[in-house]
Amino acid sequence: GQQVMQIPQYQHVQEGEDFTTYCNSSTTLSNIQWYKQRPGGHPVFLIQLVKSGEVKKQKRLTFQFGEAKKNSSLHITATQTTDVGTYFCAGPGSGAGSYQLTFGKGTKLSVIP
Amino acid sequence: DAGVIQSPRHEVTEMGQEVTLRCKPISGHNSLFWYRQTMMRGLELLIYFNNNVPIDDSGMPEDRFSAKMPNASFSTLKIQPSEPRDSAVYFCASSSLGGGYTFGSGTRLTVV
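Just so you know, the sequences run in chain order A and D.
Quick note: the first sequence uses this note's numbering, first residue 1, plus one each step.
Quick note: the second sequence uses this note's numbering, first residue 114, plus one each step.
Note that these hints are calculated values from the structure, not bench results.
Be careful, since some hints might not be right.
[Unchecked claim] Okay, derived cross-link-like pairs now, BS3-like style, lysine-lysine, Cα gap no bigger than 27 angstroms in a straight line:
| # | chain 1 | residue 1 | chain 2 | residue 2 |
| --- | --- | --- | --- | --- |
| 1 | A | 36 | A | 57 |
| 2 | D | 137 | A | 70 |
| 3 | A | 70 | A | 59 |
| 4 | A | 70 | A | 105 |
| 5 | D | 137 | A | 36 |
| 6 | A | 51 | A | 105 |
Kindly produce the complete structure, drawing on both the sequences and the hints.
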C-alpha cells in the first residue's frame with residue numbers, strides 16, 4: 001500500500017532559526033496536505049497542494065510540492081515558540097480510496113527560547 | 114459551527130469491558146474517518162464512511178472493533194472486549210469532497 005515517509009522525526013531549533021521537514025511518497029499523489037498538531041491537541045489542517053511544482057506561503061510557512069508530485073516540504077522561517085508541535089504530511093489514496101489520507105509519522109519540532 | 118465533537122474526552126476502563134466512542138461530524142461534511150494515534154504507529158486510519166456508508170474498514174484491527182454511522186450527524190466506534198493494547202488516542206475527522214480534514218479533540222482511551 002501507499003507509504004508516506006517524513007524526515008526528520010525530531011528537530012530541535014533555537015528560536016529564530018529556520019526549520020524544514022520533508023515528505024516522500026512511494027506513489028504519485030493527486031495532492032498533498034499538511035497538518036499541525038500541538039502537544040496534547042489534535043491535528044489541524046494547514047494547507048493542500050495540488051499542482052506539480054506548486055509553492056504556497058502562509059506568513060512564515062512555505063509549502064512546496066515536487067515536480068513529480070511524490071515529495072513535498074514545509075519550511076518555517078525564523079521559528080517562534082508558537083511553532084512548537086508535530087507537523088504531518090498526508091496523501092490520498094487512489095480510486096475508491098481517494099478521499100482517505102495516509103499520514104506520515106510527523107516531524108516533532110521543539111523551539112528553544 | 115462547533116467543529117467535530119467527540120465524547121468522551123477521556124475513558125479509563127478495565128480489560129474486557131465494552132467501550133463506545135462517539136462522534137458528531139461537521140454538518141454538510143459527507144466523509145467521516147476514525148483514526149487511532151499511538152507513539153509507535155502514528156496516525157492509523159481505522160475506517161472511512163462516505164455518505165454514512167462504510168467504504169473502507171481494512172484498518173480495523175480485528176473483530177473486537179466495530180463502527181457505525183446511523184445518520185449524517187452521528188458515528189460510533191465500539192471496542193468489545195477492550196484490551197490494554199487498545200490504549201491510544203482515537204480521533205474522528207470529517208471532510209467534504211476530498212478537502213482538508215477537520216479533526217475532533219480526540220478520546221484518550223486507557224485500558225487497564
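Hey, residue 137(D) versus residue 70(A), does the alpha-carbon distance stay inside 27 angstroms?
violated, 34 angstroms
Would the hint linking residue 51(A) and residue 105(A) be met if the CA-CA limit is 27 angstroms?
holds, 24 angstroms
For a C-alpha distance cap of 27 angstroms, please report whether residue 70(A) and residue 59(A) respect it.
Status holds; Cα separation ~25 angstroms.
Hinted pair, alpha-carbon criterion (27 angstroms max): residue 36(A), residue 57(A). Please report holds or violated.
The given pair, whose Cα atoms are some 15 angstroms apart, holds under the 27 angstroms limit.
So if I understand the rule, the pair passes when the alpha-carbon distance is 27 angstroms or less; does residue 137(D) with residue 36(A) pass?
Distance of about 22 angstroms is within 27 angstroms: holds.
Straight-line alpha-carbon gap residue 70(A) to residue 105(A), limit 27 angstroms
holds, 16 angstroms
The structure fails hint 2 only (numbered hints given earlier).
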